[in-house]
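Chemist: The chain contents come next:
Number of protein chains: 4
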Amino acid sequence: MDTDASGRIHYTALFRYFETAEIEFFRETGILHHHPGIAFPRVHVECDYRSAILFDDLIVLEVSVGKIGRAPVQLNFRVLKDEKEAARGNVVIASMDRQTQRAAAVPANVREKLEPYLSSIQVIE
Amino acid sequence: MDTDASGRIHYTALFRYFETAEIEFFRETGILHHHPGIAFPRVHVECDYRSAILFDDLIVLEVSVGKIGRAPVQLNFRVLKDEKEAARGNVVIASMDRQTQRAAAVPANVREKLEPYLSSIQVIE
Amino acid sequence: MDTDASGRIHYTALFRYFETAEIEFFRETGILHHHPGIAFPRVHVECDYRSAILFDDLIVLEVSVGKIGRAPVQLNFRVLKDEKEAARGNVVIASMDRQTQRAAAVPANVREKLEPYLSSIQVIE
Amino acid sequence: MDTDASGRIHYTALFRYFETAEIEFFRETGILHHHPGIAFPRVHVECDYRSAILFDDLIVLEVSVGKIGRAPVQLNFRVLKDEKEAARGNVVIASMDRQTQRAAAVPANVREKLEPYLSSIQVIE
Chain A
292 MDTDASGRIH YTALFRYFET AEIEFFRETG ILHHHPGIAF PRVHVECDYR
342 SAILFDDLIV LEVSVGKIGR APVQLNFRVL KDEKEAARGN VVIASMDRQT
392 QRAAAVPANV REKLEPYLSS IQVIE
Chain B
292 MDTDASGRIH YTALFRYFET AEIEFFRETG ILHHHPGIAF PRVHVECDYR
342 SAILFDDLIV LEVSVGKIGR APVQLNFRVL KDEKEAARGN VVIASMDRQT
392 QRAAAVPANV REKLEPYLSS IQVIE
Chain C
292 MDTDASGRIH YTALFRYFET AEIEFFRETG ILHHHPGIAF PRVHVECDYR
342 SAILFDDLIV LEVSVGKIGR APVQLNFRVL KDEKEAARGN VVIASMDRQT
392 QRAAAVPANV REKLEPYLSS IQVIE
Chain D
292 MDTDASGRIH YTALFRYFET AEIEFFRETG ILHHHPGIAF PRVHVECDYR
342 SAILFDDLIV LEVSVGKIGR APVQLNFRVL KDEKEAARGN VVIASMDRQT
392 QRAAAVPANV REKLEPYLSS IQVIE
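Protein chains in written order, with my numbering: chain A, 292 to 416; chain B, 292 to 416; chain C, 292 to 416; chain D, 292 to 416.
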């Protein structure tokens, strides 16, 4: 169902792969579960497509932390096919106080657990 | 994005069309909005595909009420292309008390508003 | 993205899980790839939902072969959560001659490779 | 199915709305159908989210042409809710020779039909 009539994986399917990678990453770093009082809406998402991904292509997803701001966290994603980059993208996740609906500081334990994954090379900009 | 590599609309896309039709139907009958204390989980969904639907085909969705039981409501869907049935299906929606998580009676106002749409011909069985 | 406003996995997401399971099953049995001249459109899909699946629930998907007819093959799916059945469903896949667009016999190598997976208990009917 | 457990429309659903708007736009301008020998893969997609969109919110999608390059075309999208911008984004569509798989000039009739929709204000950059 991820393919389209051109036989390629449809570009929107990659955002599903990004989210799957993000969830596994958050599970592994121990920050998957809800943080009382804080919501994490997306404020920006983007993807650049370099080469076609076809049905049954084996791909590898790389996740790293691009930036940790006061309120937002940027996650970077790379999609590798045959060890070459087929696509790259990022999502910017805000921290928001559920009650006031305004920006909140990234919770300290989230910040601490993400810092080891900060990419030294800021791949997306 | 609804097509697949065969050029057809992927079979799972039809469930999205069914849900779109259902929401418009519930909006029109005035029962779209939340009924305090009652949830409406799906307990069954099915679809039969008779002919291929292709990109840019114009289709018509027909919704009718198949059955109104004590707790469940069955909605029937037909997908017409060039006035011929390309697919048909149904969803069975339970009424559930949110607190006890057990079957509840279909709310009286829902029942009353759906009854005019009961299909005299019980198309799916 | 698979959850909905009720916090449950939306019922349509299960068809995506079914397809993922199907692809892995076909890959393992060595029949994933295209069979010249034969297409495999779905003619029927259904799912019964027994209990809610929530975000981050760990589920197991079981695939078996329900029936092998002259032209159609039925795959059965069970979704297990904590070793209990949360949902079950099936898809019926036709074999179709691409040129004539009419029913064709299930290719012999497909039949042979699926037979070991015929469920002795015909779970869906 | 577009909502998530937070009750908001999931951010990835917007790309589906963008594509729906794009198809209607291309249909209206008369360039929806396949251009022999030329494919139109996406090379970039992005979206900025400014405010939450909830179930049953009525939204309006605006499409305009951001840029027409030699090979790529950028479409800009705005999602309005209560006449305020809830999200904005763009897709960059390349023109590619199907045979050589290399960049091709935007077909003359596509260029001509898109030019009237060039936004004088280059909204996304």
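Simulated from the structure, these hints should not be mistaken for lab results.
There may be inaccurate statements among the hints.
Identical chains share a label here; the pair holds if one copy fits it or two copies do between them.
Simulated pairs of lysine to any residue, SDA-like, Cα-Cα distance not exceeding 20 angstroms [unchecked claim]:
1. 375 with 333
2. 404 with 377
3. 375 with 319
4. 404 with 325
5. 358 with 334
A quick note: this is a predicted structure, and the numbers were derived from the prediction, not measured.
Chemist: Does each hint fit the structure? Answer for all of them.
Modeler: Hint by hint, here is what the structure shows:
1. 375 with 333: Between copies only: 18 angstroms across, 28 angstroms inside.
2. 404 with 377: Intra 28 angstroms, inter 31 angstroms, cutoff 20 angstroms: neither.
3. 375 with 319: Classified as neither: same-chain Cα gap 25 angstroms, cross-chain 26 angstroms, threshold 20 angstroms.
4. 404 with 325: Within one copy only: 15 angstroms inside, 39 angstroms across.
5. 358 with 334: within (14 angstroms within a copy, 24 angstroms between copies)
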